[in-house]
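J.: As given, the protein sequences belong to chains Y and A, one line each in that order.
Each step along the first sequence adds one to the number in the working numbering, with nothing skipped, and position 38 is 38.
Each step along the second sequence adds one to the number in the working numbering, with nothing skipped, and position 193 is 193.
The set of hints was computed from the structure by calculation and includes no laboratory data.
Be aware that one or more of the hints could be misleading.
[Unchecked claim] The list that follows gives simulated cross-link-like pairs (lysine-lysine, DSS-like), each with its CA atoms no further than 30 Å apart:
#1 Lys-333/A <-> Lys-144/Y
#2 Lys-163/Y <-> Lys-90/A
#3 Lys-163/Y <-> Lys-392/A
#4 Lys-160/Y <-> Lys-155/A
#5 Lys-81/Y <-> Lys-385/A
#6 Lys-76/Y <-> Lys-385/A
#7 Lys-90/A <-> Lys-161/Y
#8 Lys-48/Y <-> Lys-392/A
#9 Lys-49/Y <-> Lys-385/A
#10 Lys-15/A <-> Lys-161/Y
#11 Lys-317/A <-> Lys-333/A
#12 Lys-155/A <-> Lys-76/Y
#13 Lys-76/Y <-> Lys-15/A
#14 Lys-32/Y <-> Lys-22/A
#15 Lys-36/Y <-> Lys-411/A
#16 Lys-155/A <-> Lys-140/Y
#17 Lys-22/A <-> Lys-163/Y
#18 Lys-392/A <-> Lys-9/Y
#19 Lys-151/Y <-> Lys-90/A
#20 Lys-144/Y <-> Lys-385/A
#21 Lys-22/A <-> Lys-166/Y
[What the hints assert, rightly or not] Just a sample of chain A residues kept apart from chain Y, beta carbon distances all over 12 Å, derived:
#22 Glu-113
#23 Ile-119
#24 Asp-122
#25 Lys-155
#26 Arg-241
#27 Phe-304
#28 Ala-341
#29 Ile-344
#30 Gly-373
#31 Thr-409
[Said to hold, decoys possible] Example chain Y residues on the side facing chain A (calculated, C-beta under 7 Å, incomplete):
#32 Met-1
#33 Val-159
#34 Lys-161
Quick caveat, the model's predicted, so the values are computed rather than measured.
We put the CB at the ideal spot given by N, CA and C, even for glycine.
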Amino acid sequence: MIIEGRVWKFGDNINTDLIIAGKYKYDTLDMKEMAKHTFEALRPDFYKKVKEGDIIVSGRNFGCGSSREQAPLVLKALGIKVIVAESFARIFYRNAINLGLLALECNGISRAVEEGDVVRIKLEEGTVENISSGATLNFKPLPKLILEIFKEGGLVPYVKKNKGMKI
Amino acid sequence: MDSASLTIAEKILSKKAGRTVKAGEIIVADIDFIMAHDGTAPLAIEQFSELDVNNVYDPSKILFVIDHTGPSPSDRVSNIHKMMRNFARKNMCHFRDVGYGICHQILIEEFVEPEMLIIGADSHTCTHGALGAFATGMGSTEVAVGMAYGQTWLKVPESIKIELLGKLNWPLTSKDVILYLIGELGPDGADYMAIEFVGEGIKEMSMESRFTLTNMAVEAGAKVGFCPVDKKAQFFLQKERGKNFPELKPDLKADYADEITVNVNEVDFMISAPHSVDNVKTIAEVEGIEIDQVFIGTCTNGRFEDLQTAARILKGKKVKDNVRLIVQPASRKVYLRALKAGIIETFLTAGAVINPPGCGPCVGRHLGLLGDGEVCLSTQNRNFKGRMGNPKAEIYLSSPAVAAASAVTGKITDPKEVMVKT
Chain Y
1 MIIEGRVWKF
11 GDNINTDLII
21 AGKYKYDTLD
31 MKEMAKHTFE
41 ALRPDFYKKV
51 KEGDIIVSGR
61 NFGCGSSREQ
71 APLVLKALGI
81 KVIVAESFAR
91 IFYRNAINLG
101 LLALECNGIS
111 RAVEEGDVVR
121 IKLEEGTVEN
131 ISSGATLNFK
141 PLPKLILEIF
151 KEGGLVPYVK
161 KNKGMKI
Chain A
1 MDSASLTIAE
11 KILSKKAGRT
21 VKAGEIIVAD
31 IDFIMAHDGT
41 APLAIEQFSE
51 LDVNNVYDPS
61 KILFVIDHTG
71 PSPSDRVSNI
81 HKMMRNFARK
91 NMCHFRDVGY
101 GICHQILIEE
111 FVEPEMLIIG
121 ADSHTCTHGA
131 LGAFATGMGS
141 TEVAVGMAYG
151 QTWLKVPESI
161 KIELLGKLNW
171 PLTSKDVILY
181 LIGELGPDGA
191 DYMAIEFVGE
201 GIKEMSMESR
211 FTLTNMAVEA
221 GAKVGFCPVD
231 KKAQFFLQKE
241 RGKNFPELKP
251 DLKADYADEI
261 TVNVNEVDFM
271 ISAPHSVDNV
281 KTIAEVEGIE
291 IDQVFIGTCT
301 NGRFEDLQTA
311 ARILKGKKVK
321 DNVRLIVQPA
331 SRKVYLRALK
341 AGIIETFLTA
351 GAVINPPGCG
361 PCVGRHLGLL
371 GDGEVCLSTQ
381 NRNFKGRMGN
391 PKAEIYLSSP
401 AVAAASAVTG
411 KITDPKEVMV
421 KT
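Just chain Y, with the same shape it has in the complex:
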């Protein structure tokens, strides 16, 4: 699988309140509506500027804080397909994969990529190539179970196929 996209760059410890503020998550289950508030306190117009297929690159501990699945869901609703970060907070990581949003841990990514760069991810090879600069990095290979869940499109299709939680 090869994924190519334009980069939006964020820093360390981007918490789930910053991704989608708690105040918006109780009123609706319509993620397209909620997604208008994505990264509101950091970048108020993010939802207008982001395009289908764009990629988020971030520093350490992306998605720390609450277990709200609205955080990966609004990113998905805006067309984000992949998040490449130095590291992820564990609940966000599980949630992203479970919803079919690819989360890749890649040492050095925040130094190798700038906002607006175009990157190419080769899932099987385990590489992230910065097309704009030519630099290539390796990401941590996904454990077998996590790769299988992602390839099925998330946890719901995975358990439907396997008739339960199997490894």
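Once you have looked at the hints, place chain A on chain Y.
T.: Only chain A this time, still in chain Y's reference frame:
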């Protein structure tokens, strides 16, 4: 493999797996209890409806709570509550409607047992490690799958051992200890790991104080925060559940990713400054900062002991003009106990407003949100930008003692300053 060198996490998950498992292994395990609330249950119900199952696997092991937005602040929220009520009724799972209290406090009061595997669609589910349960936060989708099949997958976590020495002198509390530790560990210092709190400092601590510690384990990224099941925990469980549970502690030769020792006598009153929990300061560094609102409550510090501490400091004093003091008991049970003990009267006499049991303004939807540029001192566990409904406001975190003292003076205050004057 040496089965006599296991951490608490490895012991519980070994039993679950039916073989000795060590950190790093991935297992599928049966779930003993599942919880979701009004911020996470609705998505779990949506996901559940996508699965090819008609019923939940075991309604006696599933709890829904309305705590984050109860009583409802809007018609749209009310419709979401209705969806939860209907699902819980149809599937006959446990349901605690508005006013019962915060999901984690209800779990403590009614459901948690040692060695249970608990998954909760709330990050602070890690609280229940204080009763020896492997309890961890997950998302709505995993809760939906758990409700359908009764199983989940887990990576057996590495553990960090935190040994506490000494005994805290009131009004220093376990909140000061955990804020200090989050400052040391950083926001991802325990990412993917379990934390084990052990030592004399834990032995001396009440169960309520232990819940405050384990509640905030996730603020360092931890999967769960454990305390050993010792005599105090056994007594608590006997009283609350009417059952005897065996002791649970790590093996002496358990393998740890890291070991930290803290003498609690050397910890001062600690404050997290905006906008991250690990931005920890001693009281001396932030003393005098003017505040508009004080909030005492939440799954971190809304229990009886917390309200008692705050009331002892507030007794006979008044909340400063132009400062709002909001107090919110963690559960109806806590509220009633505080009422009978005269604590609620102390708060009201001092000029506080009492919110109904629940999460309140900590989750940013109602009951005390902040205005532009306002400053709040809160006993909650998170001070992220926008957490209390307004990204232009600032949130400081403290213990109930510092919060109560600061409500009297209108600025961040060392409780000793207020106590001296009485």
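J.: If a hint holds in the structure, say so; if it doesn't, say that too.
T.: Results for each hint:
1. A C-alpha spacing of about 46 Å is found between Lys-333/A and Lys-144/Y, which places the hinted pair above 30 Å, so the restraint is violated.
2. For the hint linking Lys-163/Y to Lys-90/A, the alpha-carbon distance of about 23 Å falls within 30 Å, and the restraint holds.
3. Using a Cα cut-off of 30 Å, the hinted pair Lys-163/Y and Lys-392/A is violated, with the two alpha carbons roughly 48 Å apart.
4. A threshold of 30 Å between alpha carbons decides the hint, and for Lys-160/Y with Lys-155/A the separation of about 22 Å falls inside it, so the pair holds.
5. Restraint check: the Cα-Cα separation between Lys-81/Y and Lys-385/A comes to about 26 Å, which is no more than 30 Å; the hinted pair holds.
6. Restraint check for Lys-76/Y and Lys-385/A: the C-alpha separation of about 23 Å stays at or below 30 Å, so the hint holds.
7. A threshold of 30 Å between alpha carbons decides the hint, and for Lys-90/A with Lys-161/Y the separation of about 26 Å falls inside it, so the pair holds.
8. Among the hinted pairs, Lys-48/Y with Lys-392/A is consistent with the structure: their alpha-carbon atoms are about 22 Å apart, no more than 30 Å.
9. A C-alpha spacing of about 22 Å is found between Lys-49/Y and Lys-385/A, which places the hinted pair at or below 30 Å, so the restraint holds.
10. Distance restraint check for Lys-15/A and Lys-161/Y: the Cα-Cα separation of roughly 28 Å lies within the 30 Å cut-off, and the hinted pair is therefore satisfied.
11. Between Lys-317/A and Lys-333/A, the direct Cα distance comes to roughly 26 Å. Compliance with the 30 Å bound is thereby established for this hinted pair.
12. For the suggested pair Lys-155/A and Lys-76/Y, the alpha carbons sit about 26 Å apart, so the restraint of at most 30 Å is met.
13. A distance of roughly 38 Å separates the Cα atoms of Lys-76/Y and Lys-15/A; the hinted pair therefore is violated under the 30 Å criterion.
14. Distance check on the hinted pair: Lys-32/Y and Lys-22/A sit about 42 Å apart at the alpha-carbon level, beyond 30 Å; violated.
15. Restraint check for Lys-36/Y and Lys-411/A: not satisfied, since their Cα atoms lie roughly 37 Å apart, outside the 30 Å limit.
16. Between the alpha carbons of Lys-155/A and Lys-140/Y the distance comes to roughly 16 Å, so the proposed pair stays at or under 30 Å and holds.
17. Taking the CA atoms of Lys-22/A and Lys-163/Y, the gap is near 28 Å; set against the 30 Å cutoff, the hint holds.
18. Annotation: proposed proximity of Lys-392/A to Lys-9/Y holds, straight-line Cα distance about 23 Å (limit 30 Å).
19. A C-alpha spacing of about 33 Å is found between Lys-151/Y and Lys-90/A, which places the hinted pair above 30 Å, so the restraint is violated.
20. Restraint check: the Cα-Cα separation between Lys-144/Y and Lys-385/A comes to about 36 Å, which exceeds 30 Å; the hinted pair is violated.
21. Distance restraint check for Lys-22/A and Lys-166/Y: the Cα-Cα separation of roughly 20 Å lies within the 30 Å cut-off, and the hinted pair is therefore satisfied.
22. Non-interface call for Glu-113/A relative to chain Y: holds, since the shortest CB-CB distance, roughly 22 Å, exceeds 12 Å.
23. Non-interface status of Ile-119/A relative to chain Y is broken: a Cβ of that chain comes within 12 Å, the nearest being about 10 Å off.
24. With a least CB separation of 6 Å from chain Y, Asp-122/A falls inside the 12 Å interface cut-off, contrary to its annotation.
25. A beta-carbon of chain Y is positioned within 12 Å of the beta-carbon of Lys-155/A; the least distance is around 8 Å.
26. The claim that Arg-241/A lies off the interface holds: its Cβ sits roughly 26 Å from the closest Cβ of chain Y, which is beyond the 12 Å cut-off.
27. For Phe-304/A, the condition that its CB be more than 12 Å from all CB atoms of chain Y holds, with the nearest at approximately 26 Å.
28. No Cβ of chain Y approaches the Cβ of Ala-341/A within 12 Å, the least distance being about 32 Å, so the stated non-interface status holds.
29. Under the 12 Å C-beta cut-off, the non-interface status given to Ile-344/A relative to chain Y holds; the minimum distance is some 27 Å.
30. The beta carbon of Gly-373/A is kept farther than 12 Å from every beta carbon of chain Y, the shortest such distance being approximately 14 Å.
31. Interface exclusion of Thr-409/A from chain Y stands, the closest Cβ pair being 29 Å apart, more than 12 Å.
32. Taking 7 Å as the C-beta cut-off, the interface hint given for Met-1/Y is violated, the closest approach to chain A being about 22 Å.
33. With a cut of 7 Å, the hint placing Val-159/Y at the interface with chain A holds, because the nearest CB-to-CB distance is about 5 Å.
34. Interface hint at Lys-161/Y: violated, since its Cβ lies 10 Å from the closest Cβ of chain A, which is beyond the 7 Å cut-off.
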